[in-house]
Amino acid sequence: MIDCDVHVQIAHPEEILKFIDPAERDWYRSQAYLLGLPSYPWSNPSTWFRADLPVDPDSGMPGGDAPSIIRDALDGQGADVGILTADDALSVGLMENAYRAAALARAHNDWLREDWFPHDERLRGSIIVPVQDIPAAVAEIERCAPDRRFVQVLLAGGSERPYGDPRYLPVLEAAAAHGLAVAIHSGMEGMGLAHQPSGAGAPTFYIEWHTIGSACSIMAHLMSLITHGTFRRVPDLKVLLIEGGIGWLPGMIWRHDTNWRGLRDDTPWMDEPPLETLKRHIRFATQPLEHTDGHDELLWEMLAAVGAPDILCYSSDYPHWDGDEPKWLENRLPEAWRRPVMHDNAVAFYGSRLDVPAAR
Amino acid sequence: MSDWHDVGAEADITPGAPAIARIGGREVGVMRDPRTGGLVAIRNRCPHSGARLCLGTIEQRIEGEPGGRYALVDRTVVVCPWHGWEFDAATGVCPEDEAYRVAVYPVRVEGGRVLVEA
Chain E
86 MIDCDVHVQI
96 AHPEEILKFI
106 DPAERDWYRS
116 QAYLLGLPSY
126 PWSNPSTWFR
136 ADLPVDPDSG
146 MPGGDAPSII
156 RDALDGQGAD
166 VGILTADDAL
176 SVGLMENAYR
186 AAALARAHND
196 WLREDWFPHD
206 ERLRGSIIVP
216 VQDIPAAVAE
226 IERCAPDRRF
236 VQVLLAGGSE
246 RPYGDPRYLP
256 VLEAAAAHGL
266 AVAIHSGMEG
276 MGLAHQPSGA
286 GAPTFYIEWH
296 TIGSACSIMA
306 HLMSLITHGT
316 FRRVPDLKVL
326 LIEGGIGWLP
336 GMIWRHDTNW
346 RGLRDDTPWM
356 DEPPLETLKR
366 HIRFATQPLE
376 HTDGHDELLW
386 EMLAAVGAPD
396 ILCYSSDYPH
406 WDGDEPKWLE
416 NRLPEAWRRP
426 VMHDNAVAFY
436 GSRLDVPAAR
Chain G
1415 MSDWHDVGAE
1425 ADITPGAPAI
1435 ARIGGREVGV
1445 MRDPRTGGLV
1455 AIRNRCPHSG
1465 ARLCLGTIEQ
1475 RIEGEPGGRY
1485 ALVDRTVVVC
1495 PWHGWEFDAA
1505 TGVCPEDEAY
1515 RVAVYPVRVE
1525 GGRVLVEA
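Chains as they are written, first to last, in my numbering: chain E, 86 to 445; chain G, 1415 to 1532.
Honestly, the hints are just simulated from the structure, not real lab data.
No residue lacks a Cβ here, since even glycine has one placed at the ideal position from N, Cα and C.
Check the hints yourself; a few may be wrong.
Unchecked claim - So the derived label-pair ranges between C-beta atoms look like this:
no., chain 1, residue 1, chain 2, residue 2, range
1, G, Ala-1425, E, Pro-255, 55 to 63 Å
2, G, Leu-1486, E, Pro-255, 24 to 32 Å
3, G, Arg-1483, E, Gly-161, 47 to 55 Å
Unchecked claim - Far from chain E by the CB rule (all over 12 Å, computed), these chain G residues:
no., residue
4, Asp-1417
5, Gly-1438
6, Gly-1464
7, Gly-1482
8, Pro-1520
9, Gly-1525
10, Gly-1526
Please model the entire structure based on the sequences and the hints provided.
Spelled out as structure tokens, the structure:
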């Protein structure tokens, strides 16, 4: 099993600050939010984390160090590879201060490389970048790319513009040039520099954001990347969409497939149905796979019509409260989908950077 | 076996004012290309959702490259009045999906009358 979304928690901020120049550390210590990272105006009413996980005694968090993740997410869930993803630091690219963002992104990437990767050969990681400053983001990709344990560049769902906008092209090109995927993880909509989620203004409650706010940003990035012809400009680009749901995909892509024919004078470079582009370049992390109230067969049929199982890669979202436990998810899938979704699709998607040990 | 059918006076057909005739149980429209002045005879039913195709427009095709580059190309299309789908005026094929195609017919003018072979 390959888990494409294993979140690392910043249980001890000083462990990241040690990778930042001493002259800068007090700035991060003195911000209202953790390390100056833009954060949620809504809070989960109970807990962000699975309540059955062991926690760090000082911070009360699970997943705050490599031994915890090896125990819980690799050994505990049976992962052959776990791809580490930022959690709060997903919002680094939305900090108003691009210089502090660049320093913090560098530190977070160094932290993964120095304090996490060496603990287990099954660990891989995601590069976070100060995407509010494109040259700095590209420089950070160039700096990190030689370490092949980094398998992807991680961007937040919340953004200043959808990622097909030409300003982001150098970031996407740099990732593709190094054989890195680009992962877009829902979240941070409405925070820092990001626009509000939903397109209808800020939601009031966490449940509103969690149900649709995060899905809307993923839809917008998907639509934007395809419509701009991004994959014609960067033919080697691979994009993983994480935690935006997938049950909505058939409706959206069928609508897009219909519209591109009639609206093509504005986007005449679109030379194939959007679904065909999606199948070649885009994958969806499975969590949170929608609960269907007994209609799973209908979900499989709809997803098959838009390229499943080939477009799906398993993700647990460890250690969050809404994660999908791998055995539970695998047993829910149609039998013929299990191997590709849990393992093979990710191997093909990430390529040699995954260099995955034989399946256990 | 196809025959030539008189569908109307050439002078009456202008851009936006096609001739419409029923030939062998099918409706055929003859449209005037505003750019070339030529005539296009096409089955008057969009294969997508059934609109009367000849109430649309005849346009020069636009092609493009990612990065916002646009170019008019040497290809004429009939544009459906409902959803804007395009059909090649010479072949009737939808360039976006060749599974969608509409019949086009030879057309000529004789003595001021428009004749369609169908």
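So, going through the hints one by one against the coordinates:
The beta-carbon spacing between Ala-1425 of chain G and Pro-255 of chain E, approximately 58 Å, falls within the hinted interval of 55 to 63 Å. Distance hint check for Leu-1486 of chain G and Pro-255 of chain E: the Cβ-Cβ separation is about 31 Å, which falls inside the suggested range of 24 to 32 Å. For the pair Arg-1483 of chain G and Gly-161 of chain E, the beta carbons lie near 52 Å from each other, so the given range of 47 to 55 Å is met. Remark: the non-interface label on Asp-1417 of chain G is consistent with the geometry, its nearest Cβ contact in chain E lying 34 Å away (cut-off 12 Å).
Distance to chain E confirms Gly-1438 of chain G as a non-interface residue, since its nearest Cβ pair spans about 29 Å, more than 12 Å. Even its closest Cβ contact with chain E, about 15 Å, leaves Gly-1464 of chain G beyond 12 Å, as expected for a residue assigned away from the interface. The claim that Gly-1482 of chain G is not at the interface with chain E is violated, since a C-beta of that chain comes within 12 Å of its own (minimum 8 Å). Consistency note on Pro-1520 of chain G: stated as away from chain E, and its beta-carbon is indeed over 12 Å from all of that chain's, at 27 Å minimum.
Residue-level check passed: Gly-1525 of chain G sits 38 Å from the nearest beta carbon of chain E, beyond 12 Å. Once the 12 Å rule is applied to beta carbons, Gly-1526 of chain G is consistent with being away from chain E; the minimum gap is 35 Å.
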